[in-house]
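Below are the chains, spelled out letter by letter.
Protein chains: 4
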Amino acid sequence: MSIPPKTNSIKTFNDPIYGFITIDDPLLFRIIEHPHFQRLRRITQLGLTNLVYGGANHSRFQHALGAMNLMRSAVSTLRSKGIEISEEEERAAKAAILLHDIGHGPYSHALENTIVQGVNHEVIGLQIMQNMNAEFAGALDMAIDIYTDNYSVRFLHQLVSSQLDTDRLDYLKRDSFFTGVSEGVIGSERIIKMLNVHQGNLAVDAKGVYSMEKFLIARRLMYWQVYLHKTVVSAEFLLMNILIRAKEMAASGMELDASTSMRYFLYRKDVCEIKNSEEWLKHFVKLDDYDMLYSIKQWIDCVDPLLSNMCKRLINRRLLKTKNVDRPLSAEALKDLQRKGAEALGFSADEMRYLIFQKSVSNTAYTTKNDSITILYKDGTAKDISEAATIFQFSNLESIETKHFIYFPDEVPFQ
Amino acid sequence: MSIPPKTNSIKTFNDPIYGFITIDDPLLFRIIEHPHFQRLRRITQLGLTNLVYGGANHSRFQHALGAMNLMRSAVSTLRSKGIEISEEEERAAKAAILLHDIGHGPYSHALENTIVQGVNHEVIGLQIMQNMNAEFAGALDMAIDIYTDNYSVRFLHQLVSSQLDTDRLDYLKRDSFFTGVSEGVIGSERIIKMLNVHQGNLAVDAKGVYSMEKFLIARRLMYWQVYLHKTVVSAEFLLMNILIRAKEMAASGMELDASTSMRYFLYRKDVCEIKNSEEWLKHFVKLDDYDMLYSIKQWIDCVDPLLSNMCKRLINRRLLKTKNVDRPLSAEALKDLQRKGAEALGFSADEMRYLIFQKSVSNTAYTTKNDSITILYKDGTAKDISEAATIFQFSNLESIETKHFIYFPDEVPFQ
Amino acid sequence: MSIPPKTNSIKTFNDPIYGFITIDDPLLFRIIEHPHFQRLRRITQLGLTNLVYGGANHSRFQHALGAMNLMRSAVSTLRSKGIEISEEEERAAKAAILLHDIGHGPYSHALENTIVQGVNHEVIGLQIMQNMNAEFAGALDMAIDIYTDNYSVRFLHQLVSSQLDTDRLDYLKRDSFFTGVSEGVIGSERIIKMLNVHQGNLAVDAKGVYSMEKFLIARRLMYWQVYLHKTVVSAEFLLMNILIRAKEMAASGMELDASTSMRYFLYRKDVCEIKNSEEWLKHFVKLDDYDMLYSIKQWIDCVDPLLSNMCKRLINRRLLKTKNVDRPLSAEALKDLQRKGAEALGFSADEMRYLIFQKSVSNTAYTTKNDSITILYKDGTAKDISEAATIFQFSNLESIETKHFIYFPDEVPFQ
Amino acid sequence: MSIPPKTNSIKTFNDPIYGFITIDDPLLFRIIEHPHFQRLRRITQLGLTNLVYGGANHSRFQHALGAMNLMRSAVSTLRSKGIEISEEEERAAKAAILLHDIGHGPYSHALENTIVQGVNHEVIGLQIMQNMNAEFAGALDMAIDIYTDNYSVRFLHQLVSSQLDTDRLDYLKRDSFFTGVSEGVIGSERIIKMLNVHQGNLAVDAKGVYSMEKFLIARRLMYWQVYLHKTVVSAEFLLMNILIRAKEMAASGMELDASTSMRYFLYRKDVCEIKNSEEWLKHFVKLDDYDMLYSIKQWIDCVDPLLSNMCKRLINRRLLKTKNVDRPLSAEALKDLQRKGAEALGFSADEMRYLIFQKSVSNTAYTTKNDSITILYKDGTAKDISEAATIFQFSNLESIETKHFIYFPDEVPFQ
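Protein chains in written order, with the working numbering: chain A, 1 to 415; chain B, 1 to 415; chain C, 1 to 415; chain D, 1 to 415.
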């Protein structure tokens with residue numbers, strides 16, 4: 001039995017960050033009410049980060065609404081500065097930002113690198129948008145053009161995706177609120193009031209230069225303090241190894257308890273491709289955090305002791321310990337460590353690669369190569385933020401920082 | 001393979017409300033690290049409330065830590081006023097408040113009234129504490145005495161459970177923060193600084209009387225605006241009906257996909273009793289939100305169209321509509337409505353009782369019958385808050401308010 | 001030499017409550033830049049309240065800007081609901097709210113009841129507006145009509161002055177922020193989004209009923225906890241007695257150090273009247289907190305020991321103590337107390353009426369007689385908030401509460 | 001008549017930042033109740049900054065209490081880490097931080113460089129402490145030793161005065177709160193929980209390194225965005241020129257209206273010296289913001305048109321405009337500009353140096369030369385923050401930045 005679509009007039013969403021978020025456009029209603037979008041309620045924005053920052057259970061659903069709210073505000077600011085933006089363009093830009101994360105699965109990073117292979121959340125997201133567009137009889141045409149940067153008015157795309165997009169302006173503020181890390185607090189409203197357009201591209205009024213510097217710094221701090229927090233990363237690697245092991249067990253014929261859609265990916269042998277998306281996508285859009293954690297809880301009782309061990313660690317928060325080292329261990333030293341671990345834990349030395357390993361983590365997310373931020377002066381001239389910045393040497397902010405970690409169970413003595 | 005217990009010295013938990021919560025006691029560590037307590041990470045404090053207040057995904061784990069943090073603060077305040085509290089009593093009071101919600105299952109209210117029958121979260125909680133106490137060789141003796149009000153120093157129990165306990169002081173503040181409903185903002189620290197002891201019972205210094213009035217009012221507002229919000233309640237009734245239907249289907253022999261522990265309760269025929277808790281409790285302590293939502297998602301594809309329909313509604317947030325009526329419908333009028341619904345939706349009139357029904361909701365949680373709040377004056381005299389209150393007539397706050405609602409699917413035209 | 005008026009394009013004001021407040025209208029610029037308005041920078045919103053709430057040094061200037069900011073927001077909300085408001089009406093409503101407190105002097109309540117006699121801040125305010133209107137060639141015509149409720153569109157007046165005006169919506173929030181009294185925190189934005197118009201009058205959408213109840217309660221709490229805090233009131237009575245004594249000394253020919261304008265009022269014998277406002281008003285618009293506190297500091301060294309004593313108390317915060325009594329003292333008992341005080345302090349019994357006296361304080365500011373709040377339902381019907389309220393019995397909120405206090409110096413033993 | 005000292009038991013101060021600040025020590029009471037300390041209520045922390053950030057009217061009184069509150073918290077943290085601090089040391093450290101700003105006059109920077117010559121607020125402060133110590137019979141001995149770094153336990157001095165002192169930890173947070181500049185928001189509590197002692201000196205636990213980096217950055221941002229904001233600096237230079245001109249007029253025999261104490265400094269010819277502090281200090285401790293602004297308001301009507309003009313500008317906020325230039329003007333170019341101004345305004349070219357001038361502003365307050373911040377690792381080793389920092393290159397933060405500004409009235413066309 002199909003449930004017919006609801007009709008609506010105006011809808012208000014509660015949000016602890018902005019108070020109220022109001023929707024008054026039927027297209028935006030339909031997007032939000034669509035099961036694909038409602039699914040985002042069940043996908044946490046920060047995955048396993050809640051194992052370190054216990055308040056960080058906020059969903060991608062709420063972030064998407066929040067970013068749309070900032071888009072509304074940005075459009076209103078730009079219009080007040082004489083930039084023309086049509087009603088249709090506003091609607092399309094809002095639709096684009098609502099949908100910008102629609103391709104994310106649960107614990108996206110771990111998922112994409114393990115059991116969903118061949119596509120990533122951006123590719124998947126665009127395909128989902130196109131499918132929804134077909135369902136909506138082309139109503140998302142302009143939104144998709146904006147999202148893919150094929151629309152003539154470039155700054156609309158930049159509001160959706162750039163160094164200064166409403167995505168970041170929302171998530172930094174939101175993640176800071178829910179983690180309680182005050183370092184990430186940014187004046188999103190302040191920044192939005194400073195937005196302008198210069199030669200068709202998004203720019204920032206000169207009086208906002210301090211706020212921009214603060215914004216870039218806050219982002220960097222959030223990377224090391226939250227997104228790349230060593231314990232968060234440790235949990236993510238454990239999850240990845242769980243999924244890799246599960247897929248290995250599935251390939252070997254072991255029967256694993258999981259939801260229908262999760263089993264589809266565990267037992268699928270081929271990589272996913274856009275050309276055959278019809279099949280795998282109908283499973284993908286059913287996946288959420290509940291499929292993932294359900295399986296991991298069930299696998300505690302599975303017959304493979306290694307998989308069981310890893311699942312028990314994740315569920316009971318007995319994560320792998322981490323040691324920050326100046327340089328990676330030699331292959332030999334690592335093997336040696338794995339041998340010690342094998343003795344302590346009763347696994348084979350080969351199996352220990354799931355529990356003892358090394359990884360390098362870089363804050364690469366921070367390049368200012370493309371789409372850098374333009375500061376616009378009252379006299380109409382413009383400068384790149386790296387030149388306009390007055391408080392910090394910008395080279396500093398562009399540098400890539402890499403840290404090397406060794407991961408190991410607490411049963412293995414490792415000084 | 002068993003994972004040996006970790007040793008620790010000091011541990012800090014991040015919390016967006018209090019910033020940092022610090023633990024420096026090995027017993028409290030052991031409680032927090034116990035799988036029973038870690039399970040609370042996966043149980044949301046407010047259940048389906050996040051369908052209305054999208055930020056309200058906070059866990060019972062974080063609430064328990066927060067309440068313990070307030071206990072630390074309350075003990076410190078009372079000591080500064082000359083009340084003697086030993087180290088052992090402080091530890092026990094903290095252990096008691098940490099464990100006060102340990103008996104909650106996922107979506108507790110719905111669970112207890114449907115598939116877990118015969119016991120409630122308080123009975124279960126006490127049993128879990130006793131089991132942990134056996135495991136900890138009696139280290140929780142005093143904590144259990146405080147929890148059950150069998151300890152000689154009564155105000156310690158009152159800090160755990162009374163009209164003024166650290167439970168409420170935390171949850172009102174926390175729920176207000178995550179829902180964004182500023183009406184519930186209370187000055188928990190302010191209230192705690194006003195705590196005192198009068199004739200062995202918890203009391204409030206007279207200068208805190210306005211804060212107490214505000215606290216009682218905030219609680220009432222939160223009831224109607226959040227906990228009993230009509231859409232939240234509608235979602236909870238839908239969930240209850242899903243579970244009732246599932247149990248009915250299970251009884252009829254239908255095979256339902258669910259986790260091992262969830263299946264245990266679905267297919268169990270007897271009520272649970274403390275005397276046979278050894279069996280059912282080992283399943284209960286594995287249940288969390290993931291078992292519940294996993295099943296509901298899977299049951300969208302089950303063969304019973306009614307169960308499938310209800311599950312689809314909950315997952316895609318197509319909840320039952322609600323109509324507030326001055327008095328309940330007559331049995332006849334309700335049946336009539338169910339018949340109309342049956343036609344519109346293709347179910348039998350009898351099945352429609354799952355989708356069309358009426359309920360009365362009362363804010364009964366608010367009686368001041370027992371353990372009312374004592375205001376302590378500088379001259380040593382004391383009054384009940386209902387007499388001491390100067391801003392509001394207290395009778396007003398004690399009244400019970402009842403509202404009557406009819407629930408129905410949006411496909412059924414009902415004005 | 002006259003300083004020619006500046007020209008401006010757009011101006012942004014920093015505010016810790018709203019972040020930014022933007023002005024883009026030349027008339028509003030001119031008002032803000034006018035010396036009469038700049039004077040409000042030097043008049044604290046809450047007078048001597050900072051002797052109890054040390055953070056409460058915020059100015060009437062900032063409050064006026066804040067209220068105007070809420071007016072902008074209210075106009076935008078009403079327009080989004082289809083209410084037509086012209087550009088000119090918006091400008092006039094903003095001008096009216098900017099100027100609504102322009103007639104306040106320093107420590108207004110004390111001032112008006114002592115040395116500025118015959119007029120109050122509302123009468124003075126209107127006269128100042130009219131003078132500015134003449135200076136601005138009639139540009140304030142409509143603003144004055146709105147302020148005086150002579151404009152045809154009544155809800156605009158109600159946004160300036162009613163139970164629900166932007167004045168209160170700003171000051172409750174602002175006073176709460178600067179005092180730190182969380183009891184007064186209200187969701188101003190939430191309330192504003194609920195505003196509507198019913199039969200030409202301001203109304204509140206039914207879904208805002210809880211917020212309205214919270215707003216009325218918050219106001220009442222702020223009255224007792226801040227505005228009528230017994231120590232604040234004690235300081236205000238001391239200030240009034242200082243001014244009365246100073247005027248008495250001035251009448252007796254004593255030379256008192258004070259600013260030119262302050263001296264004008266101290267030595268003036270007649271009451272002020274609108275018909276002769278040309279003379280006294282040019283002095284009034286120069287008065288600010290600095291005139292007042294300067295004099296009081298200087299008078300510490302004056303030859304009248306009573307005036308000196310009172311001034312020293314205020315400056316060094318040795319305020320009169322207060323005792324809350326169930327009923328006022330008899331005239332005889334009061335005299336007796338004053339005699340005791342005379343002995344202890346070396347003043348005459350008659351002079352002691354400045355230091356020992358009794359007063360009754362009522363929260364009369366709270367009547368809902370006129371202009372009560374209308375709740376508007378979706379079906380177009382409307383109810384008074386006193387009927388619509390669902391959480392509190394409204395009679396409760398309307399009651400007048402009176403408290404009786406005796407004031408006395410701490411040198412006088414009084415149990 | 002002298003007013004005898006009050007006796008007290010416990011006292012609570014309201015503060016919008018920390019909620020409550022509690023004092024339970026009679027010595028600390030006596031300090032706070034002393035007229036010298038009460039005077040700080042009438043001295044704003046940020047002087048003329050409120051002309052740009054309208055909420056920034058907070059007093060030095062409130063800051064001193066706030067810093068003492070952080071001292072309490074720091075002592076408690078250090079004790080919990082096993083550092084021994086006696087009751088007497090705690091009291092003395094709190095007394096020292098309460099008094100650390102006691103030597104500040106109104107608009108200190110302007111005052112010290114103009115009419116109070118020969119001493120600065122630090123010299124004055126120490127003298128006031130010594131006088132109070134005499135009055136308190138030596139009770140401040142240890143506090144003074146801590147303040148002057150003559151006490152054996154060095155970290156107590158460092159908590160009062162260093163790169164990491166409770167002074168900064170309070171004022172950054174406080175100034176950020178009252179200005180609304182979120183860039184300065186720092187997690188003071190977080191930082192305090194990270195404090196430790198290494199070889200007798202204050203240090204920061206390694207896990208606090210990000211917070212320290214954020215703290216240093218926030219400070220730098222606050223410098224440019226608030227403390228050295230070009231309009232704030234413009235107002236301060238105007239105030240200095242007013243005072244210089246007034247002193248010049250006083251020297252020439254003109255009669256200037258001012259408070260007794262202000263006149264003392266205006267007409268005094270010699271510089272102030274500690275050896276003759278008995279005379280000038282009794283005037284200094286009476287000065288507050290009210291003396292200053294009173295005079296400036298009165299001088300609007302004085303006979304010197306230049307002084308009148310400058311005072312009118314400050315009072316009505318018609319400040320000098322500023323132009324940021326890459327390098328200072330040549331002496332000739334400046335003279336030329338002053339000549340143009342003289343024509344436009346009717347002053348002599350020489351007098352125009354009060355209205356047209358150039359200044360360079362440097363953020364020199366930021367050197368890490370002495371007393372740099374030490375990061376303490378778990379293994380007991382320590383590093384300077386400049387080496388330990390992982391997010392920013394520290395050289396960057398140490399660099400001195402200088403900006404050149406030309407100041408001129410808006411009547412003078414200057415592109």
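Don't read these hints as lab results, they were simulated from the structure. Beta carbons are placed, not taken as given, at the ideal position from N, Cα and C, and that holds for glycine. Mixed in with the good hints there might be a few duds.
Stated by the list, open to error - Partial list, computed: chain C residues near chain B (C-beta under 10 Å):
(1) S211
(2) W224
(3) S330
(4) L334
(5) K335
As the list claims (entries may be wrong) - Dumping the calculated DSS-like pairs for lysine-lysine here, alpha-carbon to alpha-carbon at most 25 Å:
(6) B:K282 with A:K312
(7) D:K359 with D:K335
(8) C:K207 with B:K359
(9) D:K335 with A:K321
(10) D:K378 with D:K403
(11) D:K359 with D:K340
(12) C:K230 with B:K323
(13) C:K230 with B:K207
(14) A:K378 with A:K230
(15) D:K207 with A:K230
(16) A:K383 with D:K403
### Query
When you check the alpha-carbon spacing of D:K378 and D:K403, does it fall within 25 Å?
violated, 42 Å
### Message
Against the 25 Å threshold, does the CA-CA distance of D:K359 and D:K340 hold or violate the hint?
### Response
holds, 19 Å
#### Entry: Status of the C:S330 interface restraint (C-beta, 10 Å, chain B)
Hint violated; C:S330 Cβ to chain B Cβ min 24 Å, cut 10 Å.
### Message
Tell me if the straight-line CA distance from C:K207 to B:K359 falls inside 25 Å.
### Response
holds, 21 Å
### Task
With a cut-off of 10 Å on the beta carbons, see whether C:L334 makes it to chain B.
violated, 23 Å
### Task
Using 10 Å as the Cβ threshold, decide whether C:K335 counts as touching chain B.
Status violated, d = 27 Å.
#### Entry: 25 Å Cα cutoff - pair C:K230, B:K323
Violated, at about 48 Å.
### Query
Given the proposed pairing of D:K335 with A:K321, does the C-alpha separation stay at or below 25 Å?
It is violated: about 70 Å lies between the C-alpha atoms, which goes past 25 Å.
### Query
Taking 25 Å as the top limit, are the C-alpha atoms of A:K383 and D:K403 close enough?
It holds: about 19 Å lies between the C-alpha atoms, which stays within 25 Å.
### Message
Tell me if the straight-line CA distance from C:K230 to B:K207 falls inside 25 Å.
### Response
This hinted pair holds, its Cα atoms lying about 12 Å apart.
### Query
Would the pair A:K378 and A:K230 pass a check requiring their Cα atoms to be no farther apart than 25 Å?
The hint is violated at about 44 Å.
### Query
Are the Cα positions of D:K207 and A:K230 separated by 25 Å at most?
Holds, because 12 Å separates the two Cα atoms, which is no more than 25 Å.
Figure legend: structure checked against the earlier numbered hints; hints not met, in rising order: 3, 4, 5, 9, 10, 12, 14.
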